[in-house]
Amino acid sequence: MLRNLLALRQIAQRTVSTTSRRNFENKVSEKQKLFQEDNGVPVHLKGGASDALLYRLTMALTVGGTAYALYQLAVAAFPKKQN
Amino acid sequence: MTHQTHAFHMVNPSPWPLTGAFSALLLTSGLVMWFHYNSATLLSLGLLANTLTMYQWWRDVIREGTYQGHHTPIVQKGLRYGMILFIVSEVFFFAGFFWAFYHSSLVPTHDLGGCWPPTGITPLNPLEVPLLNTSVLLASGVSITWAHHSLMEGKRNNMNQALLITILLGVYFTILQASEYFETSFSISDGIYGSTFFMATGFHGLHVIIGSTFLIICLLRQLNFHFTSKHHFGFEAAAWYWHFVDVVWLFLYVSIYWWGS
Chain A
1074 MLRNLLALRQ IAQRTVSTTS RRNFENKVSE KQKLFQEDNG VPVHLKGGAS
1124 DALLYRLTMA LTVGGTAYAL YQLAVAAFPK KQN
Chain B
5 MTHQTHAFHM VNPSPWPLTG AFSALLLTSG LVMWFHYNSA TLLSLGLLAN
55 TLTMYQWWRD VIREGTYQGH HTPIVQKGLR YGMILFIVSE VFFFAGFFWA
105 FYHSSLVPTH DLGGCWPPTG ITPLNPLEVP LLNTSVLLAS GVSITWAHHS
155 LMEGKRNNMN QALLITILLG VYFTILQASE YFETSFSISD GIYGSTFFMA
205 TGFHGLHVII GSTFLIICLL RQLNFHFTSK HHFGFEAAAW YWHFVDVVWL
255 FLYVSIYWWG S
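The listed protein sequences derive, respectively, from chains A and B.
If you want our numbering, it's the position in the first sequence, counting the first as 1, plus 1073.
If you want our numbering, it's the position in the second sequence, counting the first as 1, plus 4.
Isolated chain A (complex conformation) (with noise of 0.2 Å):
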């Protein structure tokens, strides 16, 4: 009965790598691999494509934004005459 007890508890750990579980396995050294080589690649480029891509994005919204509001502040400044 108990040997029966042991060998259920032994199964019941085993069961940690279920689909769920390894979404959450430890990727840090294969971070710390990617990031670390020797590439001169600026730490905010070094993650690879996407970072780019969202780098280009956030520089777009920046500036495109940015020539958005001197374009209103002049437009605010130069009311348009009424009658």
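Hints in this document: simulated from the structure, not taken from any laboratory.
Please read all numbers here as calculations on a predicted model, not as lab measurements.
For every residue, glycine included, the Cβ atom is placed at its ideal position computed from N, Cα and C.
Just so you know, not all the hints are guaranteed correct.
Each computed DMTMM-like pair below joins lysine to aspartate or glutamate, with the alpha-carbon atoms no more than 20 Å apart [claimed, not checked]:
#1 A:K1100 with A:E1110
#2 A:K1119 with B:E157
#3 A:K1106 with B:E68
#4 A:K1104 with B:E157
#5 B:K234 with B:E187
#6 A:K1106 with A:D1124
#7 B:K159 with A:E1098
#8 A:K1100 with B:E184
#9 B:K81 with B:E68
The following label-pair restraints were derived from C-beta to C-beta distances [unchecked claim]:
#10 A:G1113 with B:S193: 55 to 63 Å
#11 A:G1121 with B:V251: 55 to 63 Å
#12 B:V146 with A:V1114: 42 to 50 Å
#13 A:E1103 with B:E187: 28 to 36 Å
#14 B:S191 with A:V1114: 49 to 57 Å
#15 B:M156 with A:V1114: 31 to 39 Å
The following residues of chain B were derived to be distant from chain A, with all beta-carbon distances above 10 Å [stated by the list, open to error]:
#16 M37
#17 L52
#18 Y71
#19 F97
#20 A99
#21 L116
#22 T178
#23 S191
#24 F218
Since the structure of chain A is already known, use the hints to place chain B on it.
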């Protein structure tokens, strides 16, 4: 391949301070466009650019610390000083709103009826939802301390549970407070009472949301094995911020909800 002969962190050139500064321009000019010209485009652009900047800047800090090993003890000391000074600046921010409240409530003017709460204002009952909110935040202070000790003792499951409980309590507070905002018989434009009430509690609520977000990031990092039992400053910073938010609420509760009723 050159190596530094000191323990400090010489960061790579980064575009995020620039995009952050310009997003602040878009946010402020966006507010002007929204208030005065009925257009939310600039404001939306600003919010998006600001959010993207924050995400990428802090993502890079995680890369520099956890993946590249730049957060030596002395660098961590600097980060600690930085977080402490930031929280001190936030204390001064809230001090202003408390000053405004006490200025108006200690010497209520004639047009308020010479009393506090002013004539016509029905304050919320401090023994109802506000008291529940107090217990929720106090409990979250306990659970985050449990999470920290579990982390230091290497008890992974306990830490995950305790941090999740802390986050859920924070979300619960936010939901309760949002429902309370609908329950008030007064609004922000109801004189000085409304102004001081909603400015102080409103900014506090925003800080609860910010703190909860910080804790959620910590949970994600913890699940991805970023923290060790000896080195987990990101979590400590979140915990300090969370305790600060709790203390501000206690002052709010005692001053505005309890004494102020």
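Would you list, in rising numerical order, the hints stated earlier that this structure does not obey? Numbers 2, 4, 5, 8, 11, 13, 16, 17, 18 - these are the hints that the structure violates, sorted from lowest upward.
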